[in-house]
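Chemist: Given chain A, work out where chain B should sit, using these hints.
Taken in order, these protein sequences are the chains called A and B.
In terms of our numbering, the first sequence opens at residue 32 and continues consecutively.
In terms of our numbering, the second sequence opens at residue 5 and continues consecutively.
Simulated from the structure, these hints should not be mistaken for lab results.
From a predicted model like this one, the values you see are computed outputs, not experimental measurements.
Don't take each hint at face value.
With a straight-line Cα cutoff of 25 Å, these simulated BS3-like cross-link-like pairs (lysine-lysine) come out [unchecked claim]:
no., chain 1, residue 1, chain 2, residue 2
1, A, Lys59, A, Lys91
2, B, Lys144, B, Lys233
3, A, Lys104, A, Lys166
4, A, Lys176, A, Lys166
5, B, Lys144, A, Lys104
6, A, Lys176, B, Lys144
Using C-beta positions, here's what the derived DEER-type ranges look like [what the hints assert, rightly or not]:
no., chain 1, residue 1, chain 2, residue 2, range
7, A, Gly143, B, Val313, 34 to 42 Å
8, A, Tyr47, B, Arg234, 19 to 27 Å
9, B, Gly110, A, Leu148, 37 to 45 Å
10, A, Asn209, B, Val164, 40 to 48 Å
11, A, Ser155, B, Leu193, 33 to 41 Å
12, B, Met143, A, Ser46, 50 to 58 Å
13, A, Gly143, B, Gly167, 48 to 56 Å
14, A, Ser46, B, Val320, 50 to 58 Å
15, B, Gly167, A, Tyr47, 45 to 53 Å
Glycine residues also receive a C-beta, built at the ideal position from the N, C-alpha and C atoms.
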Amino acid sequence: MSNVPLLELRNISKSYGSVQALTDVSFKAHAGEVIGLVGDNGAGKSTLIKVISGVHAPDKGELLVNGEARHWKSPHDSMEAGIETLYQDSGLAPHLTIGSNIFLGRELRRSGPLGRLGFLDQRSMERKALEELDKVGISVPAGRKTVSDLSGGQRQAVAIGRAVMWAKNVIILDEPTNHLGARQSQEVLNVIRAAREQGLCVLFISHTLPHVLEVCDRIVVLRLGSIVRDDPTSTYTVESLLGTITGLTK
Amino acid sequence: MSVQSPAGATQATPVKKGSSVGALLTNQLTILLLVFIALFFYFGSQNSRFFLTGEISSLVVDFSGLVLLAIAETYVIVSGGIDLSVGSTVAISGVIGAEVMNHYQGHMGQAPLLLLGTLICALVGVLVGAINAFLISVMKMVPFVATLITLSAGAGYALVVSGGGDIGNNQPAIIWSSTGWWIFTWLSLIVLTVAVITCIVLHFTRYGRYTFAIGSNDFAARAAGINVKRHIATIYVLSGFLSGLVGMFWFIRIGSGSPTTDATANLEAIACVVIGGVSLTGGIGNVIGTLLGCAILTIVTDGLVFINVPPTWNQVVVGAIIAIAAGLQVLRGTRSRR
Numbered sequence: 032m033s034n035v036p037l038l039e040l041r042n043i044s045k046s047y048g049s050v051q052a053l054t055d056v057s058f059k060a061h062a063g064e065v066i067g068l069v070g071d072n073g074a075g076k077s078t079l080i081k082v083i084s085g086v087h088a089p090d091k092g093e094l095l096v097n098g099e100a101r102h103w104k105s106p107h108d109s110m111e112a113g114i115e116t117l118y119q120d121s122g123l124a125p126h127l128t129i130g131s132n133i134f135l136g137r138e139l140r141r142s143g144p145l146g147r148l149g150f151l152d153q154r155s156m157e158r159k160a161l162e163e164l165d166k167v168g169i170s171v172p173a174g175r176k177t178v179s180d181l182s183g184g185q186r187q188a189v190a191i192g193r194a195v196m197w198a199k200n201v202i203i204l205d206e207p208t209n210h211l212g213a214r215q216s217q218e219v220l221n222v223i224r225a226a227r228e229q230g231l232c233v234l235f236i237s238h239t240l241p242h243v244l245e246v247c248d249r250i251v252v253l254r255l256g257s258i259v260r261d262d263p264t265s266t267y268t269v270e271s272l273l274g275t276i277t278g279l280t281k
Numbered sequence: 005m006s007v008q009s010p011a012g013a014t015q016a017t018p019v020k021k022g023s024s025v026g027a028l029l030t031n032q033l034t035i036l037l038l039v040f041i042a043l044f045f046y047f048g049s050q051n052s053r054f055f056l057t058g059e060i061s062s063l064v065v066d067f068s069g070l071v072l073l074a075i076a077e078t079y080v081i082v083s084g085g086i087d088l089s090v091g092s093t094v095a096i097s098g099v100i101g102a103e104v105m106n107h108y109q110g111h112m113g114q115a116p117l118l119l120l121g122t123l124i125c126a127l128v129g130v131l132v133g134a135i136n137a138f139l140i141s142v143m144k145m146v147p148f149v150a151t152l153i154t155l156s157a158g159a160g161y162a163l164v165v166s167g168g169g170d171i172g173n174n175q176p177a178i179i180w181s182s183t184g185w186w187i188f189t190w191l192s193l194i195v196l197t198v199a200v201i202t203c204i205v206l207h208f209t210r211y212g213r214y215t216f217a218i219g220s221n222d223f224a225a226r227a228a229g230i231n232v233k234r235h236i237a238t239i240y241v242l243s244g245f246l247s248g249l250v251g252m253f254w255f256i257r258i259g260s261g262s263p264t265t266d267a268t269a270n271l272e273a274i275a276c277v278v279i280g281g282v283s284l285t286g287g288i289g290n291v292i293g294t295l296l297g298c299a300i301l302t303i304v305t306d307g308l309v310f311i312n313v314p315p316t317w318n319q320v321v322v323g324a325i326i327a328i329a330a331g332l333q334v335l336r337g338t339r340s341r342r
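Just chain A, with the same shape it has in the complex:
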């Protein structure tokens, strides 16, 4: 593990009109680290990940990848920098096939002149999608199924698989175990552990505190747009974590 953080935020602030969503948020994330990002609804978790992934630009503050200050003009820029994001419930295009979703924005084109005209190599995309998902430990039905044909758990698996297979530095997972059964949730946690083994940094956003405590190395607690605690997981219990999130106890 090098000393230069893979991802660093310095005094990030963001407001929507009169609503201050984030105030002076700073933290560092290293390679091979799983960081839990928790907080109540409206604490600023979604805004924070949208700033990191380039969906929103911060009003103020710096974002560094591998020690270099970066500015995202669009999510495309953050993807180029090796940051992949799984958005809660809305990361896939339901009417496209699994392969088309996995390769969305990174389509494989045919070789030769047809490819230069933008013709897609759909067959390879469908095949490679299944292969790559399999590599990260996710099995989905074969055949050209659209995402809307899949169950909730399968959709989530495809979305997570896409994030893991493309990520080179950071994976942001927003509520990846939402709507999932106990067994599927454990599979997701295993995928997170595997990503850590590969030296990726995982930002894990969840309301399911036992999952957070189980898989994370460090937990960052957001409340009303500010970080109120950032400590190793071993220093938390479910009760103390809950207390910090709600602010009812210290």
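Modeler: The following block gives chain B in isolation, referenced to the frame of chain A:
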């Protein structure tokens, strides 16, 4: 096409399921095709003149007049929008193109004149499309309102430019428009070529893929790094471009530019798309459906004449067809999704 995945257990079932989805899709298109064939033979059985090469040729011409607008509308609707301005864009581009050609008629040969006209019509179409794109992507208006503005302003401006009457009188163009090969006039062949290209682009290229992705879930498209605003903008420009070409199509057919031609064509184009099974909520559709919808609409409006139904009934019948198609869509939708 071998899938080398060690998860062998997951492979046996899906193949069956995948083909049933395919069957459902082809089913829908098959139904449309059967309806078209049935209508064709019904009108023919009522009046045998319907089967004459000349009559079929005029069917093809009428199909050509509608198909580019229907394809333009397919792109827009698949992307989750709507373009109400295609009809008025036909009128305004036809009128301005005619004005320019009128000015140069006699000063240049017929072929260069028509090429110039095509260029002008396409440019006017692109301009209207660019206005739509600006209103939608930059001013953040919803497509319905943005294209309502250009529908109204475009139709009005066509009247202003033309003074309400037809512009130009190009007899050689009319004569050329009826020449061709077998049931195809050269004019329809040109239009059909453009149609085929745009259909292929929608289903087999990255441009088409992004169009579907945006219509399916625009946030997902944006998050995947697609420049959604720019893509949407290009779709409205494409729609304007195709509408401009239709303006030139009508100029060649009637030898003049008319401000009232295709005034209601936006409705017919949307009707083709709906009949063809393209979802108005975006993301779902097959351009083959649109082509069949277009063919059905054409054969019905033309065929009614052959069974002595007054043309005033056309719009009523079109309404009835849309009702049936949309009704079937609702039925199919509730059955396959629930």
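Chemist: Each hint should be assessed against the structure and marked as holding or not.
Modeler: Results of checking the hints against the structure:
no.	hint	verdict
1	A:Lys59 <-> A:Lys91	holds (17 Å)
2	B:Lys144 <-> B:Lys233	holds (10 Å)
3	A:Lys104 <-> A:Lys166	violated (32 Å)
4	A:Lys176 <-> A:Lys166	holds (20 Å)
5	B:Lys144 <-> A:Lys104	holds (19 Å)
6	A:Lys176 <-> B:Lys144	violated (34 Å)
7	A:Gly143 <-> B:Val313: 34 to 42 Å	violated (52 Å)
8	A:Tyr47 <-> B:Arg234: 19 to 27 Å	holds (24 Å)
9	B:Gly110 <-> A:Leu148: 37 to 45 Å	holds (40 Å)
10	A:Asn209 <-> B:Val164: 40 to 48 Å	violated (57 Å)
11	A:Ser155 <-> B:Leu193: 33 to 41 Å	holds (35 Å)
12	B:Met143 <-> A:Ser46: 50 to 58 Å	violated (24 Å)
13	A:Gly143 <-> B:Gly167: 48 to 56 Å	holds (53 Å)
14	A:Ser46 <-> B:Val320: 50 to 58 Å	holds (55 Å)
15	B:Gly167 <-> A:Tyr47: 45 to 53 Å	holds (52 Å)
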